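Student: Sequence:
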Amino acid sequence: YPGGHTEGFPDTSKQLFNNVYRQILAGGESQFDFPTFEDGYRELVLCEAIVNSSKKEKWQEVK
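Basically the numbering used here = 1-based index in the sequence shown + 30.
No lab work stands behind these hints, which were simulated from the structure alone.
All the given hints hold, so there is nothing to weed out.
Listed below are the simulated SDA-like cross-link pairs for lysine to any residue, each with C-alpha atoms no more than 20 Å apart in a straight line: (1) Lys93 to Leu76; (2) Lys88 to Leu76; (3) Lys88 to Glu78; (4) Lys44 to Phe64; (5) Lys93 to Phe67; (6) Lys44 to Gln61; (7) Lys93 to Gly70; (8) Lys88 to Leu74; (9) Lys86 to Leu76; (10) Lys44 to Ile54; (11) Lys93 to Ile80; (12) Lys44 to Gly70; (13) Lys86 to Val75; (14) Lys85 to Glu73; (15) Lys88 to Val75; (16) Lys44 to Ala56; (17) Lys93 to Glu68; (18) Lys93 to Glu78; (19) Lys93 to Cys77; (20) Lys93 to Asp69; (21) Lys88 to Cys77; (22) Lys85 to Val75; (23) Lys93 to Val81; (24) Lys93 to Tyr71; (25) Lys93 to Ser83; (26) Lys93 to Asn82; (27) Lys93 to Ala79; (28) Lys44 to Phe67; (29) Lys44 to Pro65; (30) Lys85 to Leu74; (31) Lys44 to Asp63; (32) Lys93 to Thr66; (33) Lys44 to Gly34; (34) Lys93 to Glu73.
Treat the numbers as computed from the prediction; the structure is a model and nothing was measured.
I would like the entire structure built from these sequences, with the hints used as guidance.
Tutor: Pasting the structure below:
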């Protein structure tokens with residue numbers, strides 16, 4: 031395992047892709063129980079606001 035990761039580390043990816051493939055096989059009709067590209071985009075927007083806030087030393091609006 032990569033340094034700092036526990037025994038269950040490989041199971042994380044296995045379970046994630048199991049859920050993704052199950053969603054694909056279902057034709058996209060069920061609820062997502064895994065992160066989507068939209069979730070990733072929102073996280074990046076938040077991270078950018080955090081970095082800008084740190085650089086400017088003031089609160090930044092998250093858009």
